[in-house]
Amino acid sequence: MTLLDARPGDTIIIEESHLGRSAQRRLWDLGLLPGTQAKVISAHPFKGPIVLEVDNTRVAIGRGLARRIQITKHGDGSHASCR
Amino acid sequence: MQQVEPDKQGVASIRYLADEITVALVGQPNVGKSVIMNLLTGVGVMVSNYPGTTVEVTEGYFKSPAGNIRIIDTPGIYSLHSDTDEQKVTQRILLEEDIDLIVNVLDARNLSRNLYLTLQLLELDIPMIVILNQMDMAEELGMEIDIDLLSDILGVPVIPMVASKGLGISELEEMLSSVAALTVERKYSDTSASILPHAPKEEILTFSQPVEEVLSILQERIEETIPEEEGKHRLHPPRALAIHLMEHDTLDEDIFHTYPELAEVVENFQEDLANGLTPCENCFRGCAFCPARLESHPPLATCIERTEKARQIALKVVTYKEVEGTSRRARIEKFLDTPSTGIPALLVIMIASFKIIFVVLDFAEAFIPWALGPLIDVIISFANTLPEGSLPQILISAIPEGILLPFEVVMPTMISIYLIMAILEDSGLMPRIAVMMDRIMSILKLPGQAIIPIVLGFGCRAPGVLATRILPDRSSRLVVTFLLAIPIPCAATLGIVTGVANSFGANLAIIYGSVAVVFLLLARILARYLKPDYDLIIEIPPLQIPSLNGVGMKVWVRFEAFFKQVLPVLVLTSIGVKVLLDSGVLGGLSKLDPFTKGLFGISGQALVAVAVTVIQRYAAPMVLLNLPLTAREATIATTMIALSMPCLPVSFLVLKEFGWKTLLSIFSLAILISMTAGITLNLLLPV
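Line order of the protein sequences matches chains H and E. Residue 28 is where the first sequence starts when you use this note's numbering, and the numbers rise one by one after that. Residue 44 is where the second sequence starts when you use this note's numbering, and the numbers rise one by one after that.
For the record, the hints were derived by calculation from the structure and aren't laboratory data. Values in this document were obtained by computation on a predicted structure and should not be read as measured data. Some hints could be false.
Stated by the list, open to error - Quick list of the computed label-pair ranges, beta carbon to beta carbon:
#	chain 1	residue 1	chain 2	residue 2	range
1	E	E267	H	R34	53 to 61 Å
2	E	I722	H	R94	39 to 47 Å
3	H	T29	E	P303	42 to 50 Å
We treat Cβ as the ideally placed atom computed from N, Cα and C, and that holds for glycine.
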């Protein structure tokens with residue numbers, strides 16, 4: 028499942044992501060490392076960005092990147108922590 | 044810093060020493076660092092681009108009882124790696140500017156993410172004060188933070204603060220003053236006592252066993268290769284350098300430039316790895332330089348562990364209590380961040396902002412010539428007393444234009460743009476606009492913020508060029524600037540096109556069609572060539588009412604820059620161009636009639652009009668309307684004008700923002716495009 032499958036209101040857990048070097052670092056910088064729990068706030072229409080809330084801050088991620096970020100929905104049981 | 048004021052009371056010597064103290068403000072974006080900077084330094088800050096980058100660094104002085112303390116406000120960064128220009132600049136400042144004290148500003152609301160940077164800063168072993176800013180917003184969320192415990196864990200002083208309301212600033216000022224006094228004392232008395240407690244709990248800076256093993260090998264090799272001076276290896280403590288090596292591959296040119304020997308260290312290490320000489324049995328696949336890392340791209344081990352440590356510290360010091368109801372801020376944020384309500388609201392805000400800018404520009408255009416009228420009359424009547432056609436006469440009669448242009452266009456542009464940009468940025472609206480427009484702008488392979496300079500450009504391209512500062516990277520700034528400078532028609536261009544088209548019956552569809560084709564083609568080509576980073580990952584900061592102080596300061600700094608840097612250059616160049624025109628040099632172009640007729644199907648004089656657009660678009664119709672043009676000629680000439688070189692104010696701003704190489708390539712590209720368009724239309728349009 029990728030971030031594209033997330034719906035507003037979902038609680039998700041970030042898994043692996045396969046982004047370019049700088050996008051990957053920025054994702055980690057904003058606290059979205061594998062195992063991080065985040066809440067989906069909104070998804071903009073016409074395949075616009077997805078807004079997540081993590082640790083009291085909001086982060087918007089474009090669909091192009093969201094497609095390459097694996098997630099599990101909270102409570103799925105399929106989540107395997109990286110730690 | 045040698046800026047010592049002569050002191051009447053004979054304490055000049057102690058002041059002199061305090062003036063050597065440099066403090067760096069470091070923190071993540073949106074933590075309110077610049078507000079703290081303003082409160083500490085007041086007016087008189089200096090904004091400059093860091094050499095070789097477009098990153099701005101602000102510098103000023105805090106006047107403590109012990110003397111002036113130099114404060115450098117570093118660009119906001121999330122971590123101390125070397126991926127972005129901002130990070131590189133901050134690294135260089137921290138390591139090369141001889142920093143005596145780091146003031147690390149944290150956003151209290153998301154401690155764990157902010158503490159990541161704090162942990163990295165602690166590794167550098169520079170005295171530090173931690174500021175927990177935005178405590179009020181943290182309280183709104185029901186957070187209670189144990190300041191003493193945090194200070195105990197980090198081993199440095201921690202000051203809670205609400206900078207936007209001025210709370211906690213006096214504590215910081217007191218601490219800075221005493222640090223200044225202590226530093227002076229220490230320099231006199233030759234003791235090595237540290238200025239501030241700097242005793243972070245060991246466990247927060249220690250990594251897991253496998254990581255520590257590699258670190259110790261690296262550290263040993265670094266110590267062997269690079270001689271130690273005063274406990275540091277050139278700039279870094281050896282351990283920090285070892286960690287840095289582990290987190291960066293050889294792409295980090297800055298570090299290898301400072302430490303050329305490191306290349307050898309890494310090479311030897313990699314060789315030993317390949318030959319199995321280095322004990323890597325506990326490989327955690329987390330060293331940036333390890334060949335095995337190329338196979339998979341896991342997050343770096345040090346980064347993961349640091350994140351986890353930051354999270355643990357935050358868990359220890361923060362407790363949550365129930366909050367009743369939602370705050371007004373939360374309600375407005377919900378409204379703006381829900382697409383169905385937020386998009387219309389943000390559109391209204393954007394349109395209102397553009398409206399304000401253009402109202403200011405219109406007002407200035409009417410008011411400034413009137414206000415400067417008497418002065419200009421004096422200059423003109425003086426010029427008339429001089430012999431007609433003499434050099435002094437030509438020079439002096441060019442002065443009015445030279446004075447009017449900067450005050451009429453450039454100054455109001457700079458002030459209104461910076462005012463609006465400061466408000467949009469400080470309020471937290473700008474990132475929301477970027478998110479809203481992301482989808483549309485991604486068609487042009489540009490980030491969402493690009494909508495602001497582009498839409499501004501349809502009014503006046505000068506503010507558009509300045510507004511490219513909101514874009515995240517140099518490539519996307521360049522793409523937008525090229526688009527602004529060449530195909531995007533400003534209000535003046537639109538005016539010319541409509542005016543001329545009406546007089547000669549030119550074909551508007553062909554003119555605008557050509558402009559649109561050039562815009563799309565140029566955007567595509569530039570995007571492929573410059574590769575702007577349009578993938579969106581952006582923090583959406585909390586909404587807040589921008590402080591008058593902060594916005595005022597930002598605008599004031601630009602206003603000062605206008606008089607110091609912009610005005611003199613602009614006056615001289617516009618006088619120069621005016622002289623060039625009046626002296627009839629450009630008139631020589633009209634002798635090129637056979638040439639222009641053959642290539643573009645327009646007269647040489649019409650080509651002069653194309654050239655005139657460089658000074659002021661408004662001047663072009665005056666040339667064109669006086670010529671006997673056919674509809675076909677008018678269509679071709681106006682298309683060429685619409686696609687030709689940018690006007691003088693825009694050229695100047697491009698020069699100031701990007702340098703002469705960019706300006707030169709814009710000029711050559713514009714000439715190329717304008718001529719190609721002329722030739723193509725001449726071939727395609729029926730005579």
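Here is how each hint holds up against the structure:
In this structure the supplied range 53 to 61 Å holds for E/E267 paired with H/R34, their Cβ-Cβ distance being about 56 Å. Distance hint check: the CB atoms of E/I722 and H/R94 are about 44 Å apart, consistent with the given range 39 to 47 Å. A hinted range of 42 to 50 Å holds for the C-beta pair H/T29 and E/P303, which are about 43 Å apart.
Every hint, counting from the list given before, is met by this structure.
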